[in-house]
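Participant: Dock chain B with the ligands against the given chain A, drawing on the hints supplied.
Protein chains in written order, with the numbering used here: chain A, 1 to 567; chain B, 568 to 998.
Just so you know, these hints were derived from the structure itself, not from any lab. Watch out, some of these pointers could steer you wrong.
As the list claims (entries may be wrong) - Derived Cβ-Cβ restraints for the label pairs, each shown as a range:
id	chain 1	residue 1	chain 2	residue 2	range
1	A	256	B	947	47 to 55 Å
2	A	53	B	797	18 to 26 Å
3	B	619	A	111	19 to 27 Å
4	B	923	A	193	32 to 40 Å
5	A	508	B	854	50 to 58 Å
Here a beta-carbon is modelled for each residue, glycine too, at the ideal position from N, C-alpha and C.
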Amino acid sequence: MTEEIRIGVFICHCGINIGGVVDVPTVVEYASTLPNVVHAERNLYTCSSEGLESIKAAIKEHNLNRVIVASCTPRTHEPLFRATCKEAGLNPYLFEFVNIRDQCSWVHMHEPESATEKAKDLVRMGVAKAARLEPLEELTSDVIPSAVVIGAGISGMTAALSLARNGFSVHLIEKEKEIGGMLRNLYRLYPTDELAEEFLEQRIKAVKEHKRIALHLSTSIKAVEGYVGKFKVILDENGVEKSIDAGVIIVATGAQEFEPEGLYEYGGERVITQLQLEEKLKKGDLDWAGIKNVVMIQCAGARGEVVGYCSKICCMNGIKNAKLIKEAHPDINVFIAHNELQAYGEEYELYYRDAKKAGVRFLRFPLERRPQVRRSDGKLIVDVFHERMQLDIPFEADLVVLSVPLVQNPDATQLSKMLKVPLGQDKFFFEAHIKLRPVDFATDGIFLCGTAHGPKDIGESIAQGYAAASRATIPLARGYVHSEPIISSVNEELCVGCGICESVCPYGAIEVVETEEGRRARVTGVKCKGCGTCGSSCIRRAIKMYHFTDEQLMAQERAAVVTEVIS
Amino acid sequence: MTVKSVLVIGGGVAGMQAAFDLAEAGIKVCLVEKTLSIGGRMAQLDKTFPTNDCAICILAPKMMDCYRHENIEVLTFSEVISVEGEVGSFKVKILRRPRFIDEEICNGCGDCARVCPMGILNKFDMDLRVRGGAYIPFLQAVPLIYALDREKCMRCGLCKVVCGKDAIQYDQKPEIVEMTVSATIVATGFDALDPSSITEYGYGRYDNVITALEFERLICAAGPTGGHVMRKDGKEVKRIAWIQCVGARDTRDNRPYCCSVCCMHATKEAILTKEHYPEVETYILYTDLRCFGKGFQEYVNRAKDDYGVEYIRGKPGEIREKEDTNLEIFYSPSSDKVEILEVDMVVLCTALIPSEGVEALAEVLGVELDEYKFFKLKDPYNFTETTRDGIFVAGYCQAPRDIPECIAHGSAAASRAMEVVLGGNRNEKSQ
Ligand SMILES: Cc1cc2nc3c(=O)[nH]c(=O)nc-3n(C[C@H](O)[C@H](O)[C@H](O)COP(=O)(O)OP(=O)(O)OC[C@H]3O[C@@H](n4cnc5c(N)ncnc54)[C@H](O)[C@@H]3O)c2cc1C
Ligand SMILES: Cc1cc2nc3c(=O)[nH]c(=O)nc-3n(C[C@H](O)[C@H](O)[C@H](O)COP(=O)(O)OP(=O)(O)OC[C@H]3O[C@@H](n4cnc5c(N)ncnc54)[C@H](O)[C@@H]3O)c2cc1C
Ligand code: SF4
Ligand code: SF4
Chain A
1 MTEEIRIGVF ICHCGINIGG VVDVPTVVEY ASTLPNVVHA ERNLYTCSSE
51 GLESIKAAIK EHNLNRVIVA SCTPRTHEPL FRATCKEAGL NPYLFEFVNI
101 RDQCSWVHMH EPESATEKAK DLVRMGVAKA ARLEPLEELT SDVIPSAVVI
151 GAGISGMTAA LSLARNGFSV HLIEKEKEIG GMLRNLYRLY PTDELAEEFL
201 EQRIKAVKEH KRIALHLSTS IKAVEGYVGK FKVILDENGV EKSIDAGVII
251 VATGAQEFEP EGLYEYGGER VITQLQLEEK LKKGDLDWAG IKNVVMIQCA
301 GARGEVVGYC SKICCMNGIK NAKLIKEAHP DINVFIAHNE LQAYGEEYEL
351 YYRDAKKAGV RFLRFPLERR PQVRRSDGKL IVDVFHERMQ LDIPFEADLV
401 VLSVPLVQNP DATQLSKMLK VPLGQDKFFF EAHIKLRPVD FATDGIFLCG
451 TAHGPKDIGE SIAQGYAAAS RATIPLARGY VHSEPIISSV NEELCVGCGI
501 CESVCPYGAI EVVETEEGRR ARVTGVKCKG CGTCGSSCIR RAIKMYHFTD
551 EQLMAQERAA VVTEVIS
Chain B
568 MTVKSVLVIG GGVAGMQAAF DLAEAGIKVC LVEKTLSIGG RMAQLDKTFP
618 TNDCAICILA PKMMDCYRHE NIEVLTFSEV ISVEGEVGSF KVKILRRPRF
668 IDEEICNGCG DCARVCPMGI LNKFDMDLRV RGGAYIPFLQ AVPLIYALDR
718 EKCMRCGLCK VVCGKDAIQY DQKPEIVEMT VSATIVATGF DALDPSSITE
768 YGYGRYDNVI TALEFERLIC AAGPTGGHVM RKDGKEVKRI AWIQCVGARD
818 TRDNRPYCCS VCCMHATKEA ILTKEHYPEV ETYILYTDLR CFGKGFQEYV
868 NRAKDDYGVE YIRGKPGEIR EKEDTNLEIF YSPSSDKVEI LEVDMVVLCT
918 ALIPSEGVEA LAEVLGVELD EYKFFKLKDP YNFTETTRDG IFVAGYCQAP
968 RDIPECIAHG SAAASRAMEV VLGGNRNEKS Q
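Just chain B, same shape as in the assembly:
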C-alpha cells in the first residue's frame, strides 16, 4: 500500500490547481479523474470570458504541468470506491477501469485509431463528431494514451495487428489501487442539464435548437466543424438567439438557483459569433443579467456597444419550429404582451448541475450534499469545508462559480489540506 499525502478527486481546473499547489509545496498527491483525460469542462470551451483567451491554449500547459509533476500521480479512467478512517489517515480504494491498452507501453501514436473502422459519437464534442473505437477524447488529451471502447467495439482485431508496440490488451481487467492519505479534496465539477425535459423549447425535436456546450464546440476552431457555426441543414446562420436560465432559477424541477456563469458565457458566445460573422444578428434573452465579476460589466458594455449584441429582457414561453426550420420564439418583455422573435438558431443556456455520480461519491466519502446535490458546507462562510473533517471541496461541485473562482477555490482547498499535512492540524478548530 502506498502512502500519499493528499487525494484529489476530479481533474478539472479546480482539482488540478489544488493538486498543483500541494505538489509544489512538496506534498505527494494522487489525482483521480473519471474520464480518459484531465482538463474538465474548460477543455471543451472555445474562448473564456472576459478576456477571450483561448481555453485549451491556456489550459494545456497547466494539464502538462500537473501530469509531469514529480509529486503528482494522475490516475485517469478511475474512480474512488471506498474511503475509510479519519483525517490524518484515510484508507482509500480506487477502481482503475481498463483502457484495454497498456498505459506504460502506448506512446500515443494513434495508429490503432486510424485503422479502427468504428464510428462512435464523441462525448467530448457533444456528440457532434465521431471517433473510433480506439480513441482519445481530444487531441490535447493528457495523458496521451489511447483507450478501446469495448462496449461498442466489433472485435475485428485490426488495432492489435497494427499496433507496433503491442500495447493492445483485450483481456485487461479492472484493477483496484489502495493507498493511505491524510486529507482528501473533492472537485468533481458539473454536468449540463439535458434540456429535452423542458419540452416547450423543443430541444431534441427541432434541428436548430442546441445547447451552449454544443455551441462552444461548434465555434471552436479545433471543433467538429472547424469553427463554422452551421445549422443542421448546412445553411449559414443569420440570426442567433441565446436563452438564459433554461431549467435554472426555475422551481418546477426544484432548481431555483442561478448557475452564475451563463449570462457571461452567452455574452462571450455572442461576441465570438460577431467576430466570426459580423453580419449575423445576435440576441440574448434574459431575466436578470448577472455581470458581477471582475471585468464583467465592461465586457457586457463591449458586447453591446462595440459588437452590437442585443439584450432582450424576457423569458420565452415557447419556441415553435416553422416549415423552413427557422424558429419563432414567443416571449413577453412585460407581463401583458407577447412578442415573437424569428431566428434560425437557438442556443439554450441550460442549468448546470452537479456531475453524474455525485450521490454515490458523497456516500463513499461520508459527506452530505445539499438539496440540489452540491457538496454541503459545515460553515456557510467557509467554502472549503465539507461535513466531514479532512475532506475538503473545490470548484463548481460546491456551488456555481467561474474559472478564476474555481482556481482560487482549488488553491484554498489546497491550503486546508496543507494545514493537515504540514501543520499536523487535526483538530484545531478551523474557521
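Just chain A, with the same shape it has in the complex:
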C-alpha cells in the first residue's frame, strides 16, 4: 500500500454508560500512542450531532483515511458512523467499530481497572485491523415492481390492497378456496358486534375488484428462490405449477385455534372451543332449550398450561360471546372463569363493562389452581377455586366453552424454511427486532403481518397489514436496492469446485458452476449476508471475506496477544 495510513480514534463515554466504568481519558491517551493513529479524542456521546460533527471535522483537519469509534455496539450504531464517514468524503468501509460498552463497561461493571485494560486491548486490535481495511463499493440491483402476499386473511388482504393502491401489482396467495381467513368462521365481532360476514363482504369485494391484485386460490407455495428485488415463487395452483417473479414478499398466514385435546373433558357437544361456539352461533343450530348455565374457561391451554404466552384475544372473545348469549337469552346464566382479563385500551375496557351490565358473571381463579371439569351423574360440573374462601366452588354447566389460545399453523415451519426466516420460541414468525422492527424480517425484502406474528385482534392485524405494505413499498417505489459489499468472493485459481461451500451456505448465495477452467464456486453478491460460513469451510482457502479478510483478522488477533507496538 502506497498511501500513508492515518487513523482517527473516537472514544465514547456514552454518558456514564461507558465512562462510569472505563477510564476513557486513559484509553484515549493510549490510543494516541498506537501505530498509524494521528488523532484520538473522546466524546460524551459520539453518536450525538456534536460527536458526529467532530468526526467529520477531524477527518478534514487531520486528513484521516481510517476512522475508529470505540463505543456501544455495531448492531445499532455502525450504519450511523459509516454514513458520517461517507458524508466527510471517506469510503464508509474504512470505518471500524470497537465495542467497549457491551464488551467492557457492561460485562465488567464491577472491575473498572480490568475493563479499562480490556478497552485498550480492543482498541489496539481495532487499530491493527483498521490499518488493513480496504475501500468497498455498495452493490446495487433492480427491483421487480410487484409483490407476493402469502395468506388472504384480513391482514394479507389489507397489505395487498394498500400495495395495489400504491401502484404495484400484487399476487395474493391463499391455500383455501376463499379469501377472508379466520373471520370466515366467526359469528359477530367485538367491539362493534357486527356480523363477521357483513364485515368481510365489502372488504373481499374491494380486493377481488382491484385490477392490480391477482388472486391465487387453493394455492400453496412450493419453493422460493432469489433475494430482495428478484424473488421467484413457485406455486402449486390447483395442481398446476406456476412461477411468479416479485420484488418483495409479505407473510400473512395467520394462526389457528389450539385444540385442547385431553384438557377440561374437551370433546362432544357440551365442552367446545370458542371457535366451535361461533360456528354454531353462526349456523344457529345450537339447541338452547336444554341450556341454563354456560361456563367459559379462559386461558385454556395458555399462559403456562400448554403454551407459555397470553393469546391476547381470547379474553375479549370470551366476553363477546358471553355478552351475546346473555343478550339473546337473558335467563341463561353465563359465567366467565378467568385469571386476568385482557380488556386493554379504550374500547375493550368499556366493552367489558357492558358485559358486566348485561349480567355476565366473572369468576377469578389463581393461575396455580385452574378450574377442573368433571362429569357427575351425567352432569357437567366446573370447579372454580375461590381464592378468598380457599375452596373449590362447583358450577353446574350445560355448556362449557374453552377459550383456547391462537397457535401457529403446522405448515409454517415449512414456509419458514423456504423463505429462510425464523420462528420464535412461541412458534410464531420472528421479526427483525421486537421493539423497532415489528413487521420486518431480518432478511431484506420479506415482511410479516397479522396473527402470523403473534395473537392480535382485527384492528391490529389491519394496522400491521398496512405497515407491511409501507415497508414493502420502499424498495418497490425506489426501483433499486443497495446491499452491503461485505460478502465473500472466490479466487478461481485456488478453487477446485468441490462444492463444500455450496452445501454449507444458509442463504444459497454460493454455487458451483461450470466455467472454461472447470468447476468453480460463484457468489451471488446480493444474496450473500457475509456470514463467513463458506470462508471458514473452504479447504483450499480460496474464499475471501471482504472486510474480514484473513490478513485483517490475523492482524487483529496478533494485536490481541502482542501488546508491543506493531504496524
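Facilitator: Chain B with the ligands alone, transformed into the frame defined by chain A:
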C-alpha cells in the same frame, strides 16, 4: 410556498417511523415537532420492556436517520396553526417559535449554556434536574441546537458575549411557514396525568410518592441522579411499591379506559430496581395484570421467578405518610378486609392522556376527537383513519399502545399517505 408531499405532526416514535418510511419511498416529508427535539416520550425512558433494551441507545440512531434524511425537513419548536383544502392539496401554516438562537449558525457547542447563571427545572427530566436559560432538553437532542428560555431569562447578556459564532439573536421573531401537502399524519402522543388530583395518594404532599415517568428518569444512568434511586431525604430505598391504574380505569374523572402499557412498565421498573439493588423489596399493586403482548407473559414470569418481584392484587384506598416519611398503603386484597403495606417509596403508574393542546389541533385539522380526546376513527377497525379524508393518525394519540405497536402504526399511516401520493388515491373507498 414549498410543495411537500406529506405533513407529519409529532416527532415521537410513531411520527418518526411514518416520516422515515415515506422518505425512504422517495416522498418529501415535513415533520413538525412541538418541543425542541424529536424523540417523544421514548427518549425519556430508561429501558424498554420486554427486552430491556436501552431506550435512548436504540432511539438515537432513528432520530438521526430521520433528521439527516434528504427527504425529511424537521421543524422543531413548531406547531401547525392552520390546515385548509382537501386531500391531495392541503394548505398548511406552521408557526415556528423563536429559539433566540440562529438555527443555521449554532453548532451545539453549549458554551452559552455553560455561562448561563440561571437554574430552571428541566421538564424533560420531570423537573428533577436544572438546566440553564440557554439549553437543550437532553444531551442526545436532535437537532443539537440550543434555545434561550426568554420567559425565565434575566437578560444578563452573557450568552451573547460568549457565543463564538454570534448565533444569539435576542430579537428573533416567530415565523410562519406555509406549504402545500397531499396528506397529513397526526402522531401527537400522550402526556401523563398529574396525579395531585387523586388526593388519597398524596402526590405533591408526600415526599416519596413519585410518578412512573419520574422513576424512569431516576433509574436512568444518564438521568438526574446518575441512575441512583434515592428518596427525597437522600436515604437509600429499601421497599418500593408501584400502584397501577392511578386515574385510569376510573369512572370518577371519566377515564374508564386502560392505558395498556403501565402493567408492563411497572414490571420493567421493578426488574430494573432488582438489577440495580437486589436486596430492595418490590411490590406491584394491581387490579388486572395486562400482559397480552408478544413476550409479556414470559417477562412477568421472569419478574416473579427470577427477580422476586411481588404482585399483589388490590387497589389501594389511601396512602398515609408516617412521621419518618415512610408510607403506609391501605389496600384490600378482597372486599372485606384492609391490609397495610409499609414502604419507603411509592411509584404511581398514572393514567396516560392525549397530549396537551390536542383539542386545538383537532380543530385546526377539522377532525373529531372521542370522549376521552383520542383521535376518533371513521371505521373502528381501521386505526389509521381520522374523520377527515387524507388526515391519518398514528401512535398513542389514537389509543393506548406500546412502542412496537406505535411503530407498526406509524408505518401503517405512512402506507395510507403513500396511497394518496403514489397511487393518486383520492376517493377509492378505503377499507
Ligand atoms: C374464535 C375467534 C374469535 C375471534 N373474534 C374476534 C373478534 O370478535 N374481534 C377481533 O378483533 N378479532 C377476533 N379474533 C381474531 C381475528 O380472527 C384475527 O385478528 C384475524 O383473523 C387475523 O387475521 P390474519 O389475516 O392475520 O390471519 P387469518 O385470518 O388467520 O388469515 C390467514 C390466511 O392465510 C391462509 N394461509 C395460511 N397458511 C398459508 C399458506 N402456507 N399458504 C397460503 N395461504 C395460507 C389461511 O388459509 C388464511 O386464509 C378472533 C379469533 C378467534 C380464533
Ligand atoms: C413511564 C412509562 C414507561 C413506558 N415504558 C415503555 C416500555 O418500556 N416499552 C414500551 O413499548 N412502551 C413504553 N411506554 C409507552 C411508550 O412511551 C409509548 O408507547 C410511546 O412513546 C408512544 O409514542 P408516540 O410517538 O405515539 O407518542 P410520544 O412519544 O408521546 O410522541 C409524541 C410527540 O408529539 C409531540 N407533540 C405533541 N403535540 C404536538 C403538537 N400539537 N404539534 C407538534 N408536536 C406535538 C410531542 O412533543 C412528542 O414529541 C412507557 C410509557 C410510560 C409513561
Ligand atoms: S455511540 Fe453508543 S456508546 Fe456512544 S452515546 Fe451513542 S449509544 Fe452510547
Ligand atoms: S387473552 Fe385472556 S384468556 Fe387469552 S391467554 Fe390472555 S389472559 Fe388468557
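Participant: Going through the earlier hints one by one, which of them does the structure break, listed in rising order?
Facilitator: 1 and 2
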